[in-house]
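Protein chains: 2
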Amino acid sequence: MNTTRQMVFAKRPTGAITLDTFRLAETKLAALNDGDVLVKNLWLSLDPYMRGRLSDAKSYVKGVEIGEVMVGQTVGEVIESRHPGFAPGAHVLTSLGWQTHGIARGTELSLVDGQRAPLSYYLGVLGMPGLTAYFGLYEIGQPRAGNTVVVSAASGAVGSVVGQLAKISGCRVVGIAGGQAKCDYVTSVLGFDACIDYKAGQLRAQLKAATPQGVDVYFENVGGEIMDTVMARMNPFSRMIVCGLISDYNTTEPFGSKMTRAILVNRIKVQGMIVFDWLSRYPEGIKALAGLLALGKLKYRESVVEGIEQAPQGLIDLLNGKNFGKQLVKLA
Amino acid sequence: MNTTRQMVFAKRPTGAITLDTFRLAETKLAALNDGDVLVKNLWLSLDPYMRGRLSDAKSYVKGVEIGEVMVGQTVGEVIESRHPGFAPGAHVLTSLGWQTHGIARGTELSLVDGQRAPLSYYLGVLGMPGLTAYFGLYEIGQPRAGNTVVVSAASGAVGSVVGQLAKISGCRVVGIAGGQAKCDYVTSVLGFDACIDYKAGQLRAQLKAATPQGVDVYFENVGGEIMDTVMARMNPFSRMIVCGLISDYNTTEPFGSKMTRAILVNRIKVQGMIVFDWLSRYPEGIKALAGLLALGKLKYRESVVEGIEQAPQGLIDLLNGKNFGKQLVKLA
Chain A
27 MNTTRQMVFA
37 KRPTGAITLD
47 TFRLAETKLA
57 ALNDGDVLVK
67 NLWLSLDPYM
77 RGRLSDAKSY
87 VKGVEIGEVM
97 VGQTVGEVIE
107 SRHPGFAPGA
117 HVLTSLGWQT
127 HGIARGTELS
137 LVDGQRAPLS
147 YYLGVLGMPG
157 LTAYFGLYEI
167 GQPRAGNTVV
177 VSAASGAVGS
187 VVGQLAKISG
197 CRVVGIAGGQ
207 AKCDYVTSVL
217 GFDACIDYKA
227 GQLRAQLKAA
237 TPQGVDVYFE
247 NVGGEIMDTV
257 MARMNPFSRM
267 IVCGLISDYN
277 TTEPFGSKMT
287 RAILVNRIKV
297 QGMIVFDWLS
307 RYPEGIKALA
317 GLLALGKLKY
327 RESVVEGIEQ
337 APQGLIDLLN
347 GKNFGKQLVK
357 LA
Chain B
27 MNTTRQMVFA
37 KRPTGAITLD
47 TFRLAETKLA
57 ALNDGDVLVK
67 NLWLSLDPYM
77 RGRLSDAKSY
87 VKGVEIGEVM
97 VGQTVGEVIE
107 SRHPGFAPGA
117 HVLTSLGWQT
127 HGIARGTELS
137 LVDGQRAPLS
147 YYLGVLGMPG
157 LTAYFGLYEI
167 GQPRAGNTVV
177 VSAASGAVGS
187 VVGQLAKISG
197 CRVVGIAGGQ
207 AKCDYVTSVL
217 GFDACIDYKA
227 GQLRAQLKAA
237 TPQGVDVYFE
247 NVGGEIMDTV
257 MARMNPFSRM
267 IVCGLISDYN
277 TTEPFGSKMT
287 RAILVNRIKV
297 QGMIVFDWLS
307 RYPEGIKALA
317 GLLALGKLKY
327 RESVVEGIEQ
337 APQGLIDLLN
347 GKNFGKQLVK
357 LA
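These protein sequence lines are chains A and B, in that order. Take 27 as the starting number for the first sequence in the working numbering and just add one per residue. Take 27 as the starting number for the second sequence in the working numbering and just add one per residue.
Hint data in this document are derived by calculation from the structure and do not stem from the laboratory. Quick caveat, the model's predicted, so the values are computed rather than measured. Take the hints with a grain of salt, since some may be wrong.
Identical copies look the same in the list; a pair holds intra-copy or inter-copy alike.
[Claimed, not checked] Derived EDC-like pairs (lysine to aspartate or glutamate); straight-line CA-CA distance at most 20 Å: (1) K325 to E94; (2) K295 to D254; (3) K193 to D210; (4) K313 to D46; (5) K84 to D254.
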């Protein structure tokens with residue numbers, strides 16, 4: 027009988043999550059039924075949306091209950107299979123969550139190709155974050171050559187892809203990130219035209235200098251004062267993609283945006299997005315992103331912690347912006 | 027030589043406008059040049075947007091300067107004409123503002139037909155408010171039969187048309203208005219399914235009861251706490267038209283909306299609108315509205331004050347929600 031080591035939701039946080047939000051558990055796995063697949067997880071993805079799953083507020087999917095394994099996507103290796111589509115040794119994308127091993131229904135898994143790209147990329151640039159960038163930018167943002175595109179959390183898993191896609195699409199691209207090191211990476215490696223260090227202060231003045239033609243598309247990952255500052259620079263008929271609000275996730279009182287008048291006066295379109303809504307079009311997005319990656323046109327950076335024990339600290343750091351690139355936990 | 031009596035912008039308000047925001051002036055009109063038309067104004071329209079013209083904040087059109095005649099649309103009668111398109115006695119829609127007479131370039135005027143509808147209607151149901159309702163609801167709101175549509179300022183010039191159009195389009199329609207008399211009018215005369223009196227308190231509970239299926243389209247004319255309360259009831263993939271924010275117009279500090287997370291989670295599309303953007307399609311809108319009016323399918327109500335001297339009080343009352351239906355000044 028196989029054993030899995032799991033991170034379980036232990037205590038509901040009111041503000042910021044802490045290490046004791048989770049606890050480690052060890053569980054025996056049951057025998058496989060027909061259609062089941064036993065997976066050894068290799069990589070676990072950590073993402074800002076996870077904070078929302080720990081809240082009991084109504085959301086687009088059910089939250090995690092106390093005592094349940096924390097949710098998340100992994101890439102793993104098939105150890106044993108009673109599903110004809112998955113042979114031992116195959117690599118799969120799973121929703122098994124924060125654990126070293128797990129049993130999934132074959133219908134819930136998809137194969138990934140380690141020859142095409144490193145396995146961990148299927149949790150990042152070729153996974154949900156990359157697809158979020160792809161569909162959010164193109165479907166809602168509708169960038170046109172010559173537009174100015176601003177993206178917050180610019181060095182992150184989503185923001186870095188948004189900015190590079192916008193750049194490829196002929197836009198002037200301005201990132202917002204925390205700290206000089208991230209900003210240097212955003213401009214010199216990712217190729218953005220400018221990057222604003224929000225920790226350096228003078229956000230409004232910095233933004234004004236970086237967006238002389240105003241802002242046509244704003245891809246929002248953070249919310250809060252940064253959001254209102256960018257909205258004040260948005261042009262008539264501009265588009266804002268509300269993808270993430272990380273600055274709000276750990277607070278008890280949401281930020282109050284004073285930009286409703288700007289929405290009216292400038293006829294801004296503000297639209298929320300969740301990547302699941304384009305599920306039927308994932309193959310298109312993955313193909314496009316993999317193609318750009320193969321051509322060397324998409325740079326990508328990962329931030330890795332090792333071992334399931336480090337997952338809580340990894341998520342805490344991610345929510346505080348301490349990661350640098352896509353945050354992963356290496357499980358094996 | 028002809029004389030006009032004008033309301034001139036006298037003193038920039040910081041919060042609410044007051045009677046001394048304007049002053050009455052009497053001016054001699056010049057002789058007509060080629061292409062000019064002398065108009066005697068019959069009706070002056072008062073609209074919430076006028077508050078914005080008295081601010082020196084950047085907006086979509088230039089504000090009024092101190093000493094200038096206050097802006098506004100009128101319907102008037104041609105007295106003298108040096109433009110071939112306008113004969114004396116013809117009725118015209120003008121932008122001559124708050125004055126009894128004025129000289130306009132013929133190119134700035136359009137003829138209106140007093141046989142098709144009362145002249146004042148071209149400032150309301152067949153004018154900017156009606157067109158705002160028509161294009162905002164259909165182009166941005168995209169109502170589908172069975173949707174629940176909520177409209178604030180429901181008894182007003184815009185709101186009353188929005189709700190009736192939505193009702194004709196097969197929606198469940200819920201208005202929000204101030205006071206029982208307006209609510210009675212909204213349900214029994216305009217035919218909305220329900221109307222919520224925001225002055226009666228318990229807005230959230232009232233709204234919940236009136237929208238058992240949530241809200242698919244929200245046509246926003248007021249802003250503030252009412253806006254956030256409705257947004258909290260909005261369904262996945264719902265649409266919000268930001269048309270007016272009257273609750274903010276007289277305040278010095280804008281309302282802080284805490285609903286950005288709802289925009290994300292429910293993938294709400296929030297979009298600002300200004301009716302000018304559909305200028306090229308006005309004939310389509312007027313034709314549609316006039317057709318419904320002729321069939322008796324659009325009810326319409328006016329609130330009239332008499333004389334240019336009453337215009338400032340009329341606007342003050344409008345901004346405080348004391349009007350009941352489209353607010354007009356009868357000038358002759």
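For this session: Compare the structure with the hints numbered earlier in the document and write down the numbers of the violated ones, lowest to highest.
Result: 1, 4
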